[in-house]
Amino acid sequence: MSGLQNFVQLQVSDGTTMQAYTSIPTQGKSPFPGLILFQEAFGVNHHIRKLADRFADEGYLVIAPELFHRSGPAGVEIDYTDFPAAMPHMQALTVDGMEADIQAAWNWLSNNSQVESGQIVATGYCLGGRVSFLANTLLPFKAVASYYGAGIAPDLI
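Read in order, the letters of the sequence shown correspond to residues 9 to 165 in the working numbering.
There's no promise every hint is true.
[What the hints assert, rightly or not] Here are the simulated BS3-like cross-link-like pairs (lysine-lysine), alpha carbons at most 30 Å apart as the crow flies:
(1) K58 with K37
(2) K150 with K37
(3) K58 with K150
[Stated by the list, open to error] Derived Cβ-Cβ restraints for the label pairs, each shown as a range:
(4) K37 with T89: 38 to 46 Å
(5) Q17 with Y155: 23 to 31 Å
(6) Q19 with P96: 21 to 29 Å
(7) E66 with G23: 31 to 39 Å
Just so you know, the hints here were simulated from the structure itself, not pulled from any lab data. Using N, Cα and C, we set each Cβ at its ideal position, and we do this for glycine too.
Starting from the given sequences, assemble the full structure and let the hints guide the process.
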């Protein structure tokens, strides 16, 4: 079983548009807790979408924002064997841009009537671990988990 999947377009405060993958539980009754799932260095690929669906199967309404929207087209996916291809996208990320993306995903969940107020969590892997760490410094998440976060700057700790 998988959640109801969809892609949405989010307006970001810097004037950009960011695509995000969403997965909504098919079991249970809304409102659901919300979850922002931050991608690895390889984009919102099959693996991240599958994780989003698994979290939806556990009862979370999930959004996985595409953090590379400023450096590539919507749907950027990089093969796990080609890390050098991810580098230009990762190097193009800025703290200001990531903060704006985090806020856009948060706003989408917060304004969604299917999401329970005050019940938004976040997690991320690799690059997404760094972004989830940053997210926890910005907004009142119920919980945040950063898995093998890469590039967490000492001045943010």
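Going through the hints against the structure:
1. K58 with K37: It holds: about 22 Å lies between the C-alpha atoms, which stays within 30 Å.
2. K150 with K37: This hinted pair holds, its Cα atoms lying about 20 Å apart.
3. K58 with K150: holds (23 Å)
4. K37 with T89: 38 to 46 Å: Taking Cβ atoms as reference, K37 and T89 lie about 42 Å apart, which means the hint holds.
5. Q17 with Y155: 23 to 31 Å: Between Q17 and Y155, where Cβ atoms are some 27 Å apart, the hint holds.
6. Q19 with P96: 21 to 29 Å: Taking Cβ atoms as reference, Q19 and P96 lie about 25 Å apart, which means the hint holds.
7. E66 with G23: 31 to 39 Å: holds (35 Å)
No hint from the list above goes unmet by this structure.
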